[in-house]
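Protein chains in written order, with our numbering: chain F, 1 to 396; chain H, 1 to 396; chain B, 1 to 396; chain W, 1 to 396.
Quick caveat, the hints were computed from the structure, so don't treat them as lab data. Treat each hint with caution, since some may be false.
Chain B is faced by these chain H residues, among others (derived, beta-carbon under 10 Å) [unchecked claim]:
id	residue
1	Phe16
2	Leu23
3	Arg53
4	Ala56
5	Asp169
6	Trp170
7	Asn277
8	Ala278
9	Arg296
10	Leu297
11	Thr318
12	Trp328
13	Trp329
14	Pro331
15	Gly332
16	Ile334
If you're wondering where the values come from, they're calculated on a predicted model, not measured in any experiment. Think of the CB as a built atom: it goes at the ideal place given N, C-alpha and C, for glycine as much as any other residue.
Read off the chains here:
4 protein chains.
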Amino acid sequence: MTDRPPVRVAVIGQGFMGKAHSLGWLRAARLERTRLQPVLSVLCGRDQAALRRNGALYGYARTSSDWGAVVDADDVDLVDICTPGSSHAEIALAALAAGKHVLCEKPLANTLGEAEQLARAAAEARDRGAFTMVGFNYRRVPAVAALRELVASGRLGALRHVRGMYLQDWLVDPAFPLTWRLDAAQAGSGALGDLGAHVIDLVRHLSGQEIIEVVASLETFVKQRPVLSSGGGLLAQPGRTGTRAVTVDDACVALARLAGGALVTIEATRMAPGRKNALCIELNGALSSARFELERLNELHVYDPSGTAGGFTTRLVTGTDDPYVAQWWPPGHILGWEHTFVHQFQDFLEAVAEGRQPQPSFADGLATQSVLHAISVSAATHAWVEVPTGPGSGPA
Amino acid sequence: MTDRPPVRVAVIGQGFMGKAHSLGWLRAARLERTRLQPVLSVLCGRDQAALRRNGALYGYARTSSDWGAVVDADDVDLVDICTPGSSHAEIALAALAAGKHVLCEKPLANTLGEAEQLARAAAEARDRGAFTMVGFNYRRVPAVAALRELVASGRLGALRHVRGMYLQDWLVDPAFPLTWRLDAAQAGSGALGDLGAHVIDLVRHLSGQEIIEVVASLETFVKQRPVLSSGGGLLAQPGRTGTRAVTVDDACVALARLAGGALVTIEATRMAPGRKNALCIELNGALSSARFELERLNELHVYDPSGTAGGFTTRLVTGTDDPYVAQWWPPGHILGWEHTFVHQFQDFLEAVAEGRQPQPSFADGLATQSVLHAISVSAATHAWVEVPTGPGSGPA
Amino acid sequence: MTDRPPVRVAVIGQGFMGKAHSLGWLRAARLERTRLQPVLSVLCGRDQAALRRNGALYGYARTSSDWGAVVDADDVDLVDICTPGSSHAEIALAALAAGKHVLCEKPLANTLGEAEQLARAAAEARDRGAFTMVGFNYRRVPAVAALRELVASGRLGALRHVRGMYLQDWLVDPAFPLTWRLDAAQAGSGALGDLGAHVIDLVRHLSGQEIIEVVASLETFVKQRPVLSSGGGLLAQPGRTGTRAVTVDDACVALARLAGGALVTIEATRMAPGRKNALCIELNGALSSARFELERLNELHVYDPSGTAGGFTTRLVTGTDDPYVAQWWPPGHILGWEHTFVHQFQDFLEAVAEGRQPQPSFADGLATQSVLHAISVSAATHAWVEVPTGPGSGPA
Amino acid sequence: MTDRPPVRVAVIGQGFMGKAHSLGWLRAARLERTRLQPVLSVLCGRDQAALRRNGALYGYARTSSDWGAVVDADDVDLVDICTPGSSHAEIALAALAAGKHVLCEKPLANTLGEAEQLARAAAEARDRGAFTMVGFNYRRVPAVAALRELVASGRLGALRHVRGMYLQDWLVDPAFPLTWRLDAAQAGSGALGDLGAHVIDLVRHLSGQEIIEVVASLETFVKQRPVLSSGGGLLAQPGRTGTRAVTVDDACVALARLAGGALVTIEATRMAPGRKNALCIELNGALSSARFELERLNELHVYDPSGTAGGFTTRLVTGTDDPYVAQWWPPGHILGWEHTFVHQFQDFLEAVAEGRQPQPSFADGLATQSVLHAISVSAATHAWVEVPTGPGSGPA
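Take the sequences, apply the hints, and build the full model.
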């Protein structure tokens, strides 16, 4: 092992995100740029068979089904929460109370109240040296980081339009069964919190501005779905068969305004056939434009307004000067979706090593939650809704 | 000349649209598919020098600066109105009163009241054998026509999302001067009526459904522009220099609902650097998706949901079975923007030859105008606005 | 009509090219940039019914089936040869002898000997004020003209690689019948002369260098095809049915060297499923690269090697500063394939008006023919073949 | 750890490939699909400081600078050779003699003689239960594996054209210094063996056919390069400064024929500005076509020849049915370049677990080496060269 100070990680959850995080921590441990040495200490989950299998597969020191004990345990420095949103607040608050660093998957919480509570707790914890981060991993796509630098440099000029979409199609099939992600009690919302949260975080992050008002519609196109009676992360209900109501939105559309006046359009849906993981964002400024698409995440499209070469330039963001890239491969050797987690963990550890707040903080998570909340209210009231922004706040 | 019955055309206006129409009529005259023989009879405009030059260049039988006389003249069967929106109603009503067929550029009018008046007059004229059409030429892009067939065939399934954008960048430069298009008195609105009207017409046309409610924002990012003191179609003001207020919108964003429940997002802007003529429309249905982009107007992207070949197929809509194409060139020999006018004129003449109403009718123009009006009201009131739809109406 | 001096045109041939040229001359006549006024004087063809129909449709002053009389006629200033290659030499030589300007479709001839004879006759005719041009219309795509300017400006640096392909798929179906294009006696060669000729002309034109040696393979994948017993431009053989041998190549691949040392690869095929009209050319220089694709002919892809913006820029070559474009439409309103003919005719007429040699000349046509010949010899001998280049020659 | 039988791996070399392999083995160890448990036993290299650092970083059990001892060691089951080509034969032969499984980076050897010797040794070793594989990792891109299945299924029909290119630009800068890759003594050849070898392997693999003859040119555009006097894998020469001759090719172009008659074009260059890692392959068959590009390695473009939907479909090869994918992420969550190594190692281990020959074998490596050799001979003799193919051979 390297002589970097170790950080012992507990991952809570072993589903899709639990796997992505476990593999991400393992990879981060093997890169020079990683400032502290992550050590897979505890994997925490409820499915015992899976827990045994995953614990061995990923090489965790131990496993547990008792998250309460895990967040208190001596062999844990950092708690990484990969559970459904309904449990974020309880776990994160306990972990912060125990003095642990906390990485929490997005969205930060299922309700605005929980998010506010978490942001307060995080602010207090920070003063005691415990740091927090929300898992908006797409900030760590090299092309997204390059895009943020581009906006911040002023090269686009004052923003006028921001167009953010996150389109998927995994709910198009009406026979697709209910999972926890379609249950409001567990997931809070549907496309809004799952996909829209990413869009909102990126709009804030890339623009450097808060969203100040929204108007939105939510829709559930398939209102009933089959219930499966057995496992695989699905919402099993022993003794019940047939279908149950989908209690979250399939799709969300919204208009918004940035503090600086830019017009924003937002779409999030799981009902766009052919769009597998199409997070797309375009920014038009007074001088130039740029856009990004997650399905081709190694590329950034930047408008070159110069006379004879005007047009969008497709940059392959794999150059040695590009964010995060130098530690990987030569130009043109593309990275994948999962690399975003590696970068996220590296950034978290670097901030911890330097004793400073990582980004996006729980305050950022709260700001996004405020927009999610305003969108829900707008959809319910069929009216524009202002988004309250704290004093002196602004996106990181 | 061919032995087709002639239709003598008067084109009113000799600016951008006047040129596009003149060349389009000339080309339509030389194609076998054209059912009646268009004859360039009168070119009508105010700039005398340009009128002499253009009349000779395009081979008009005569020119005139008196549109009132032209619409009444014996050597005119069809009046083609290519003037700013403020004069559409007066000219079209006079032409209809004189028993002429009327093709009117979009948007149909500058106000809802004018549009209603025009739709009524058109309905009456039709009973007397005079037909009307609004110049939503993008319906005549072969790929758009193919897309409409695709939607109508049910292959996409019930629509859930429609995403329509028309992005340009010719106003990004704040030194770009005021023209009639930036003057509310002449143009009615800005990006909304110029670009948004196309989007709305295509949403109606492709979906086969009416828009029933909207919420929207309008914005004028550059509020003052220089006034030029001389010609070229610009808003000259002898004796005045400096700048004047822009009285139309630079950009419009809107959410909408189709009668069938689909969520619609609409954007129209002249402020998107790098987007030269980016009319883009995507439809997501319960079964599949398709999209179209005007800057690559020969292509149609259709999602193939079949198992092993899933993905968007880029069809080059230049096959001999594709709409309008057989009269042109072999597959792969692409058409340009101006071909849309040729197809539009052919369709108009074909309807006239067959004694049936061409599409889009003035009633369609009115329906689009109702949406434009609702958008304006929504932007002014900062609230959702219902779009009234006539009894039994529906888009053609 | 305008007061431009007229040039009376006779078009020989009424097939695919005859139609494209007829419509192109009509359009050129209606544009200000056109320096002389083209007048459609005579259409010449053999199919009498078609001749009557086409003559009326395009508005020719008269028609004829006797090309010998046409090239001598008093009402003809310019002879435009759109017949199969086997008749190019005879018609062009007669027209030049009669003192007419001659535009000859590509390839210039079916044999090297004919091409040499034509180049000599053209040189002599030029001294008498009769000009010639070969119809390599793709030089007149605005993006290709812009690409040539780019290479000539030195921005790409010394060329190292040139990659030229022209891929079509209309012969993939083995039931596609024999036409004159598949008959060596009429067409000379197959994909080589039809498609490869365009690639070779563009390699010479864009690089500004001669091809000095080649090695190549020719292949006929479908060796027998059905013979149709009736018209439509097909190779009818009264009294014969069934199939006959294809006597030309379906495909050609070649390596070559430019005089400056660059490596060249060339492909031409009618057997690439899905490639409808895929003329693609990429040039890699010591400093930068650029590429062009005919199916998206309004675009040019240029590598921007600058640090932070490195990547290929997709220029939409529809700007007012772009070659040929200012006379058409605003940026983003794309042109089609047929516009290349309009530009070609304009350039020919401009050269005639100025009393200078148009480009590409018959000497250029001969240079390309020399490469086609060398490719045929190489394929037959299975060896590298040097391409003789005349003293002081070089591509225009 | 899992209860899978362990395979103790020694990686020889710690440069670019040594890093890619080390990280790849680590990742393979953490995936369920991996049949045997790879254990990082020994890292072998010459730079002592780097060896200590890398050994700790990747978690190797030990390090060594004595490859001879490593290939004989009791704690090594599999030797993974990541050194320059000049040492492949010696190390691999020793490892095979010691009864180890051997994975050797491509190209298999620097000379045809070495490759023949290695293929013989591998065949003998196989009979003793020691297996071999050549590191043509691009066979393990999911889209490439899907493409192979497509060709093998007959859906493309009999192949007529294969177009393979591998374009990079890292040598465009003439100030780029000499490294071992530019030294014939170490690398054998330049673009030919480094990039061309991948193209040739993919042509063989995807077509399922041998290349039977070639004609080619090699070129070194920058003939002298600076020598650096210190480390970093560069060709340091104590006491010498200034420049030295580049002894390998910068670029290679070739024509070839497959046994089944298809025409093949091959290009490999490090001199194509803007092309970072552009391995592109297109296959045209009698029925359909497909193409792949490494810079967008998650995509496969397949022509859909059906009537109304004709066009190239861009499949995002991230579906759960796609090769290798099910063990990773949901559809649309793309993989990166390095995943190819993980898949390669999994396939090797699976073959070992099942006691069968992995693919590509050293016999495949020899077949590719025969083509590389024939290309070199062709370039030197300026003539077509036949490629000898063994009795009964054929690509795997």
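Hints violated by the structure (numbers, ascending): Of the numbered hints, all hold.
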